[in-house]
Amino acid sequence: MFRIAIYGKGGIGKSTTAAALSCAFAEKGLRVLQVGCDPKADSTLYLHGGKRIPTILETLRKKRTQAELEDLVFEGCKGIMCAESGGPIPGLGCAGRGIAAAFEALDERNAFDILKPDVVLYDVLGDVVCGGFAMPIREGYAEQVYIVTSGENMAIYAAANIAMAVANFKERGYASLGGVILNRRDVPDEREKVETLCRDIESEIVADLPRDNMIAEAEKTGQPLMEAFPDSAFAKEIRRLADYILEHAPQSSDERGILYASADMEGKRAADRCDL
Amino acid sequence: MRDWHVHVFTSTYTADVSGVCSAMYELGGMTILHDPDGCNSTYTTHDEPRWYGSKALMFVSGLDELTAVLGDDDVLINDVCAAAEDYKPRFITLCGSSIPHIIAFDFKGVAHLIEKKTGIPVLPVPTNGLRMYTVGVGMALREWIRRFADFSLKPEPKTINLLGVTPIDFSRQELVDAMKTAFEKRGLAVNAVGAMGESFEQLQKVCRASVNVVVSSAGLLPAKFLSDKAGIPFVEGTPIGSFMTDKIAEAVLQSEKDGQNCSVFDRGKYLAKAGNDEYAGAEKTNLIIIGEEVCSLSLAGAAEKVLGKDAVIRALFPDADEGIDEEALVDYINAADAVICDPLYRNAFGRSHAKLIPLPHEGYSGRIFRDDIPVFLGDGFDIKAFIMGM
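In order, the protein sequence lines correspond to chains A and B.
Read left to right, the first sequence gives residues 1 to 276 (full-length UniProt numbering).
Read left to right, the second sequence gives residues 1 to 390 (full-length UniProt numbering).
Source of the hints: derived by calculation from the structure; they are not laboratory data.
No experiment lies behind these values; they were computed from the predicted model shown.
Don't take each hint at face value.
Simulated crosslink set (BS3-like; lysine-lysine; CA at most 30 Å straight-line) [claimed, not checked]:
id, chain 1, residue 1, chain 2, residue 2
1, B, Lys108, A, Lys170
2, B, Lys229, A, Lys62
3, B, Lys180, B, Lys158
4, A, Lys63, B, Lys247
5, A, Lys63, B, Lys224
6, A, Lys40, B, Lys108
7, B, Lys269, B, Lys284
8, B, Lys273, B, Lys305
9, B, Lys384, B, Lys185
10, A, Lys51, A, Lys63
11, B, Lys158, B, Lys117
12, A, Lys63, B, Lys117
13, B, Lys269, B, Lys180
14, A, Lys63, B, Lys269
15, A, Lys116, A, Lys51
16, B, Lys284, B, Lys309
17, A, Lys220, A, Lys40
18, B, Lys247, B, Lys269
19, B, Lys224, A, Lys62
20, B, Lys257, B, Lys305
21, B, Lys273, A, Lys62
22, B, Lys224, B, Lys158
23, B, Lys257, B, Lys224
24, B, Lys117, A, Lys170
25, B, Lys257, B, Lys185
26, A, Lys170, B, Lys88
27, A, Lys170, B, Lys116
28, B, Lys108, B, Lys180
29, A, Lys116, B, Lys229
30, B, Lys224, A, Lys116
31, B, Lys205, B, Lys257
32, B, Lys355, B, Lys384
33, A, Lys116, B, Lys269
In silico negatives: residues of chain A with every beta carbon more than 10 Å from chain B [as the list claims (entries may be wrong)]:
id, residue
34, Thr65
35, Arg172
36, Glu217
Chain B is nowhere near these chain A residues, computed Cβ spacing over 12 Å in every case [claimed, not checked]:
id, residue
37, Gly50
38, Arg138
39, Gln144
40, Ala160
Note that the Cβ used here is the ideal one computed from N, Cα and C, for glycine as well.
Using the sequences plus the hints, can you model the full thing?
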């Protein structure tokens, strides 16, 4: 099992990237679990035909300890297993603690042992603003962090903050930085600006996702882009990114070989499994 | 699932943090309770009978508001490192109360950092101060075993560990000795006791046992861990009187043979429904037993031997998160002929005519009735005399 977390400024395209990556991994025959870590609970929206799934926190509120794993995780497009942490009523409670509670609920139900995913993606809201939002990169969760950014200044500042948090937490046995995903907004000198960021944080651009209107077109149909427009430039770059991520899974990971074996042997089967 | 429980006249069971401290007390480590202090003194005044008789390194971190809000973990890290430098403990246990829980304090990460700075093993035990002691004891023992047990040892036949043993359930060493004597009399060697009257070195040899005996629900987590990791099966049951000790001894031999986990009591038969959707009022009973889960169910089995198979006997025990539902508690007391319980439950009897048979429990009433706790374990306990008041 290999686990990654996707971070980045709000609205930068994390969920679109995460859902597309999940599809790309599933196309390779890998079992994928995508966990949305955002009170808005829209990470896996287009893996379920544009419909929201019940969040872990709202299920826990209703069923408490009687909530079973199948009440928390739902199968979506291409057999991708999906969970949304959810969050408190807007303006109340504590969203960070909510993410921690959702993670604890999955742990208590031995989610990873039972579901046996090959790849887990955590799609995390915005910045690493508190302990709860750092949960996905703590020991036992993601091994690598990928940051999504555009060339816009605010996105770059957020990316730098996230990279700093990852570096600060290194001593605690947290995840390492896997790379920066450039999601273009077509601002001037976009690649150069993100390359400067990468030099500062000692990382590199691992994917250059084109601005693509096909994403909005796909959303209109309730489908993920990978399903609606599988041959689009965006989809092709996402598949290349998926390959890169698998190739750069931590060397120490025993599962690295297994990931490749699964992907090689079962390559094409997932493409036919979309329920939509 | 009901998410409300009214507690008007019942006390609360000891919290998970006290369970951690209790389990670690004699193993030579230093325990850090990450908390603002204050009401944690109940650990020393009510939950820990050994406090004034022996030394142990138990510290409260003194977490304050700004440190919590700013997530300034360095305050704790520096304090623990300084204390470790002074006292040179063999290991450090880091547990916490509700405030660290709410700010998602990073137990594992901080444990890494302290271990790196001091070179002393640090066990992260992420308690939240909201659950029962059984959870804290279980988590602490599981973490200790994960870190220190010698997994290369091979199980020896007719050798057992007793898991879930702390003064919170078994108060005095005399009671633990009674359990050990009863099993040894039946040809079962007691390898290690987790963790009361036990040394660090002996508990490290926990994998020498062929079967674990879970004598209170606090022992379930380490028992399940050892079952999964080392293939050592477990038997649930408290050796209350000769009859139950015989049953446990038989079950141990069977588990040793077939490798299966089992209980020596019929949970479905004795379980009193309470505080959930299935609860629809108490049934008429001859005897209701209120207390810790494994002890109460075992006592129910022992009582049936005395009262006969037609007697209606039920065990009502606290949920680790919710405690005991007070409405159900009162219903059951009113519908019972006799109740075995901690004397502090007398408040719940009201106008009930049920006979209260006192069995004080340190985890419920603390030190108040400590001197009145009978040696209810092993062959010396006459269950008939206890129930009939003879």
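Exercise. Going back to the hint list, which numbers does this structure go against?
Worked result: 2, 4, 11, 12, 28, 33, 34, 35 and 38
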